[in-house]
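Based on the provided sequences and hints, a complete structural model is requested.
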Amino acid sequence: MSTRMVTFTLDGHLYGVDVGAVQEVLRGQTRTRIPLSPRTLAGLINLRGQVLSAIDLRALLDMPARAVDTEPMLVVIRVAGEPIALLVDTIGSVVDVDVDQFEPPPDTLAGVSRDLLLGAYKLDDQLLLALDVDRAVAA
Amino acid sequence: MEEIDEIVQEFLVESHENLDQLDRDLVALEREPGSRDLLGSIFRTIHTIKGTSGFLAFGNLESVTHVGENLLARLRDGKLSMTPLTTDVLLAMVDTVRELLASIEDTGAEGDVDVTDVVARITAVLDGTAAEPAPTPITELIPDPEPEPVLEAEPVEVAAPVDEPAPVAPPTPPAAAPQAAGRAAAESTDEGTARRNVADSSIRVDVELLDTLMRLVGELVLTRNQIVRQAGDQDGLDLMRSAQRLNLIATELQEGVMKTRMQPIDHLWSKLPRVVRDLGAACGKNVTLAMVGRETELDRSLLESVKDPLTHLVRNAVDHGLETPEGRRAAGKPAEGVLTLRAYHEGGQVVVEVCDDGAGIDADRIAEKALASGVRTSAQLAQMSSADILQLIFLPGFSTAQSVTNVSGRGVGMDVVKTNIESIGGTIEVESVMGRGTTCRLRIPLTLAIVPALTVECAGDRYAIPQVSLLELVALDADRAASAVEDVNGASVYRLRGALLPLVRLTDVLGVESERSDGHVLIAVLQAEGKRFGLVIDRVLNTEEIVVKPLTSRLKSLGTYSGATILGDGRVALILDVQALARRALTAEALERGAGESTAKEQRSSGEHLRMLVAGIGGGRRVAIPLSSVTRLENVAASSVEVVGSREVVQYRGAILPLLRLDRHLGTMSERAGDDLVVVVYSAGSRSVAIVVDEIIDIVDEETEVHSDIDDHGLVGSTLIRDRIVEVLDVRAAILAADPKFYSDPEVDLDVRNELQEAV
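Protein chains in written order, with my numbering: chain B, 1327 to 1465; chain X, 664 to 1423.
Bear in mind the hints are in silico, worked out from the structure with no lab data behind them. As the structure is a computational prediction, the values presented were derived from the model and not from experiment. Warning: the hint list may mix true and false statements.
What the hints assert, rightly or not - Only part of the chain B face toward chain X is listed, based on derived beta-carbon distances under 10 Å:
id, residue
1, Leu1352
2, Thr1356
3, Thr1358
4, Pro1364
5, Leu1367
6, Arg1374
7, Glu1408
Ideal Cβ placement from N, Cα and C applies to all residues, glycine included.
Right under this line is the structure:
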């Protein structure tokens, strides 16, 4: 049984979310910052008249902040019918992965990433980390 | 048709729909005579009509549907089986019902439609007396459009008036249609085009569709804002014209769609007489309920949200506000208490008042309780006016305190009421006179979706502040800011017309760095929680209508933002939650303020000076207008001035303001070029006028010494302001020139006179 994933990178790692959850991919959106909000909320964007929250996945996964001169990409996903934007470094492609390739997170993995990762798909050359979007959005 | 009240209207619309369904069901029933579903559906329809007609006292309608219902009940329970005859009498019944409804719609009464024949026929079927002769002729007749044979074939032993007019009991459906058409035609020729069937002139629309439309209109308003802005940046005259046209159409469309969602507040109120009656009986109180302004409309989603708070207030008023008959007599009042509900539109809001003529709330008792429960210190209470103290009943601490309920008679769940009202952007306040009664006043926005707001900048970000909470704007340049912003034990304050206004820096609240380093201070004077405070911002950008987009609950829980909006350039701006800001910033600050207040009072009493707005009116003349009643300074397009009768008026925030051109009033000529007008909006009570001047020169607060030696029309005198002679406007005469009825309210009259006495 195979699944189709949209992949993106964060701090050099390859991540993926189920293609069914992804609504669209955007770049170059002006974000309105939200003072007093948690660090993981990267602001609000205007998506064709709809106001979406943007979640900074780097902040969420406790990664170092993005270099100032790089512009993040936005992956708009739908969780429980509500669109929400995820800030990522670069967009990869759409890949088909098989259940056989999947393994749960290693027991040594601790902290936030353990809660937010479903597991890893062993691709030929690297690991594709499957993000638990429901938890990522709720966190 | 005006005399038909609303319930009857609804009944008619509903019944017309039901009857159409009934026709289809009856025809279908003929094909599958045993269908319990169809019979059940028909039974329910007739039952509904019967019930409502009984309730509305339409006796004939009730008697027809009553026998019809009996027949249907037997059919449904299988005690009778469908025969062509039964179908026939049922259809005849439906037609009679239709006739009766038509008559009710025309005249408001059942008229002289005779129902005895149909009743008799149905009764005959019920009794079984009709069974024998009927089948043969009728089976032939069902497909036959000719009505007459059926009349002959009927077993009308019971029905005496066979000589009734033909259309009353049309026996077959094919005959009914042309008759209905004929009736409609007759109507339209008789009474012209003005008349339309109730059912035809209104349709039922899914609320979701209306919500979608509302959302789309919201988007259109946003796009309109963008286009208008861009058109303003460019030279193209055609584009400008199209943009203006778009502007107008979008505004009208917005109003139109908003209207579709408007419902009279009577929808809520209609349930209250029962509540009041039952509760009054339970408490042993006689209560008359008076309702004023029941046709006042507001958005249906708001109507829902107001329902519970309003019911609560009404219950509270009956339960605790009004005294027992004995108590009232002892106080020299009529034994019957009066509870008045009042609704009206004011300044783009709906005001709903719940007034009782009961014992009132004792502010001293509230203060005692506040002190005892520790929500306020005695020093704070000493500084509060009794009106402010009354508002304490909305504090959560007061809600559960049983002792207060016993003592003062009020306060149960008032915090919940307040929270509910605020969640829809409304406000609540309470007024009370001991022994005379209590008034709770709700101010509710007309609609939630689109609100007028002020956009401001702070630390490079833009925020919107709903106009509802905005009182005025104060701009101080660096020199004045240095002296005008003072410090009370670490808390910044500004002297606004003599009273200390606590200042809250938005940058501090949001934890951001201001980008403004030139020392200028901009203060948005806001009102929330019954208190005024000044929000210091970096820049004021614009006033515009914004479309409110909801925030996720996580962002709402920050307690700083009430929503988000998209500005003209497509960027998202957060809407500041002024109530929450006030709660957060003021509790801390109000405590510290206690010490400073006494000094403020001293200052106020030592030097009472009057603020004047100085305006140029052309011809080098300057006129001073007392600022206290000036509510707003605006620029309006000259093209927006319209003429009503012999007066010029201008539309302003949903109201029509009479316009007064000060240059003409004072006999000079405006020197202002350009296609907009500088307008000073002057208000007293609920009335406003727009005074047109050439330019706003300054706002001064001087110890004005008016030399009232000029005997000129329209002026009360002259004064020296900054070494120039400034004429002091006789506001009363000026206002009366624009709106002769302005001072018809005696209270307003008094206010303005006092103010003028102060001025002179």
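Results for each hint:
1. Restraint check, Leu1352(B) versus chain X: the minimum CB separation of about 14 Å is more than 10 Å; hint violated.
2. Checking Thr1356(B) against chain X: minimum C-beta separation of about 5 Å stays under 10 Å; hint holds.
3. Evaluation of the Thr1358(B) hint against chain X yields a held restraint, the C-beta minimum of about 4 Å falling below 10 Å.
4. Residue-level restraint check for Pro1364(B) holds (minimum Cβ-Cβ distance to chain X is 8 Å; threshold 10 Å).
5. Look at Leu1367(B): its Cβ gets to within about 8 Å of chain X, closer than 10 Å, so that hint holds up.
6. Interface restraint check for Arg1374(B): the shortest CB-CB distance to chain X comes to about 9 Å, inside 10 Å, so the restraint holds.
7. For Glu1408(B), the shortest C-beta to C-beta distance to chain X is roughly 8 Å, which falls under 10 Å, so the interface hint holds.
Going down the numbered hints, you'll see the structure goes against just number 1.
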